[in-house]
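Asks: The primary structure of each chain is shown beneath.
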Amino acid sequence: MDQKRRSIWVFGDYRNYFQNRVTLQLLSRATDLAKKIEAEVCATVFGHEVDEWVGEYIAHGATKVYVCDNPGLKFYSTDTYVALMERIVRQYGPEIILVGATSFGREFTPRLAKRLKTGLTADCVGLEINGEGLLVQTAPAFGGSLLTRIVTPEKRPQMATVRPGVFQEIPHNYQATGEIVNVALPGDLPGDRVRLVSSERQPAREQKLGEAPVVVCGGRGMGSKTRFKNLFELARVLGGEVGATRPVVYAKWADEDALVGQADRHISPKVLFSFGVSGAIQHTAGIKNAGFIIAVNKNPNAAMMKMADVAIVADASQVCIALIRELKKRIRT
Amino acid sequence: MKRAAVMLKMIVCMKQVPMVSDLPWDPVTGTLTRDVAEGMMNPACKHALEAALVLKERHGGHITAMTMGPPMAEEILREAIALGADRCLMVSDQKMAGADTLVTSFTLARAIEIFCPDFDLILCGCHTSDSETAQVGPQLSEELRIPSIAAVEGLDLCGNAMRIKRVSDNFLETLEMDLPGLVTVATGFYVPRYASMSGLHDAFREPGILTVGARDLGLDDDDVGLQGSATRIMDIFSPVAKKENIVLKGAPKKIVEELLDRFDDTIGSLIRKDLKAVK
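Line by line, the protein sequences give chains A and B. Residue 1 is where the first sequence starts when you use the numbering used here, and the numbers rise one by one after that. Residue 1 is where the second sequence starts when you use the numbering used here, and the numbers rise one by one after that.
Hints are supplied without guarantee of correctness; some may be wrong.
Below, computed lysine-lysine pairings styled on DSSO-like, alpha-carbon distance capped at 30 Å [to be verified]:
#1 A:K225 x B:K273
#2 A:K270 x B:K276
#3 A:K306 x B:K276
#4 A:K298 x B:K165
#5 A:K64 x B:K249
#6 A:K329 x B:K276
#7 B:K95 x A:K328
#8 A:K208 x B:K9
Rather than coming from a laboratory, the hints here were simulated on the basis of the structure. Since we're looking at a predicted model, the values are computed, not measured.
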């Protein structure tokens with residue numbers, strides 16, 4: 001009986017590629033954290049015919065996987081998953097539970113934390129263990145303009161949801177082995193108060209520039225109207241929108257509604273690709289809420305290049321074409 | 001009579017949030033000094049109220065707008081009245097300051113049980129613009145032991161249940177939820193209406209709003225606020241813009257490969273595509 005052994009749990013959220021990726025990223029972080037508090041890393045997998053995920057989580061760092069494989073779990077159901085998770089958490093008493101901040105994770109985890117009467121920090125961008133062995137959770141507030149560090153001093157488990165892409169997954173290790181704990185689906189789970197009528201993969205939705213998570217912005221450095229058009233293809237491949245600077249709109253390479261930086265035309269994409277933009281103040285004021293910025297410009301001293309996460313010193317149009325090619329090669333559908 | 005009025009009894013939970021983004025915070029407790037900043041109705045709460053108003057127009061109904069916060073948060077309840085809410089409930093007590101989502105949902109639930117127990121539907125905004133946890137709605141449903149659905153984009157009555165549309169992790173879902181239940185309303189689908197000037201004028205002249213404190217809810221000091229919270233804020237800080245400003249040079253093809261190799265996770269997760277090089 002190693003019931004006393006501390007454990008860090010990662011909820012296995014596998015329904016689509018990115019949900020699964022964040023699960024793998026959390027297993028990686030859990031592995032680092034576990035060393036500091038001498039804990040084991042466990043994953044949970046609920047669903048039907050889920051062997052694939054069990055194997056993948058072991059290969060990515062889980063040394064134990066709690067599996068509930070049942071036809072009744074074929075579809076994600078928040079009610080059922082919360083009830084099931086509550087039971088096994090009460091039975092095994094993990095120290096920490098990490099869940100990806102996916103739509104599902106953000107609905108499921110608050111309810112689980114409430115049932116367990118413990119603290120939960122949403123949308124973390126950092127997780128550490130402090131000198132007292134507590135999980136220090138860093139989370140954004142006010143649209144990311146402030147960060148807060150939060151702990152749950154007494155209640156257990158300590159719980160956090162974490163944004164996808166914050167941590168790096170560890171490479172797949174085919175030699176890894178882990179223990180599998182099969183959990184039976186309790187017969188007395190509550191009835192379905194919420195019923196799934198239909199579920200289909202969402203077709204691409206028209207987005208507006210202001211709310212688009214991905215924006216490809218072009219300036220005069222693109223060279224010509226014909227070359228500027230490649231930005232629309234790049235935006236299509238990236239699933240984003242095209243923005244433009246004032247000179248480009250004046251030159252009629254792009255429509256007025258693509259203009260970024262005039263009054264009220266602020267954008268806040270999570271990732272901004274900026275091609276041949278010098279970075280006049282009117283423009284940079286409109287993009288100050290952008291997340292990750294990649295700028296391409298021949299001039300390494302352009303203002304836009306200085307405020308970028310990645311500054312590419314090259315011809316904007318050529319990089320645009322190369323990027324379209326490389327992305328098409330890599331993106332699996 | 002074309003059809004019998006359904007009279008949906010709805011509660012819209014709302015929060016006043018600071019209007020500015022540069023905020024003073026209390027360095028000792030690590031919580032925001034909310035009374036310094038000017039407040040407004042949290043944007044997502046406006047969408048929740050709008051959804052309730054649409055349901056009321058369609059089926060008949062009664063809307064209670066409620067909030068928990070400092071006395072100045074009364075403003076958003078008056079705004080809700082001007083927009084069409086029928087009744088207000090203000091939960092306010094100095095002892096409730098510094099509450100995390102666990103204790104906030106607990107406190108709201110007690111107020112609902114005492115002051116509006118016969119509700120059919122609770123509507124919340126999908127998240128607040130200040131703390132952004134999106135947790136209070138789902139946790140309130142747990143506390144009241146009712147079903148809930150987060151981030152809904154459309155909802156209507158279907159028999160005795162709610163028919164709901166939403167997108168969750170790229171799945172377009174249609175769901176049916178028993179009543180009483182709770183939804184959190186996504187932004188961008190209901191367009192909040194504007195309050196007329198005369199409506200606002202009247203709303204602010206209305207007599208006092210029903211305000212209840214911890215004692216009215218039968219709660220002790222250590223049940224509410226910071227004392228009742230499971231989490232503690234260690235500190236709040238402004239993330240210094242420390243961009244690495246990595247410079248890449250060379251042939252476009254090489255640069256692009258390097259970019260996607262080094263940042264496949266960062267860019268890939270943001271555009272929701274797998275960018276690992278195909279072997």
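Asks: All the hints need checking, so say for each whether the structure fits it.
Replies: Hint check results:
1. A:K225 x B:K273: At roughly 29 Å apart (the allowed maximum being 30 Å), B:K273 and A:K225 satisfy the hint.
2. A:K270 x B:K276: Roughly 19 Å between the alpha carbons, so the hint for A:K270 and B:K276 holds.
3. A:K306 x B:K276: holds (28 Å)
4. A:K298 x B:K165: violated (48 Å)
5. A:K64 x B:K249: violated (45 Å)
6. A:K329 x B:K276: Since the Cα atoms of A:K329 and B:K276 sit roughly 10 Å apart, the hinted pair holds (cutoff 30 Å).
7. B:K95 x A:K328: Status violated; Cα separation ~57 Å.
8. A:K208 x B:K9: Given that 30 Å is the threshold and the Cα spacing comes to 35 Å, the pair is violated.
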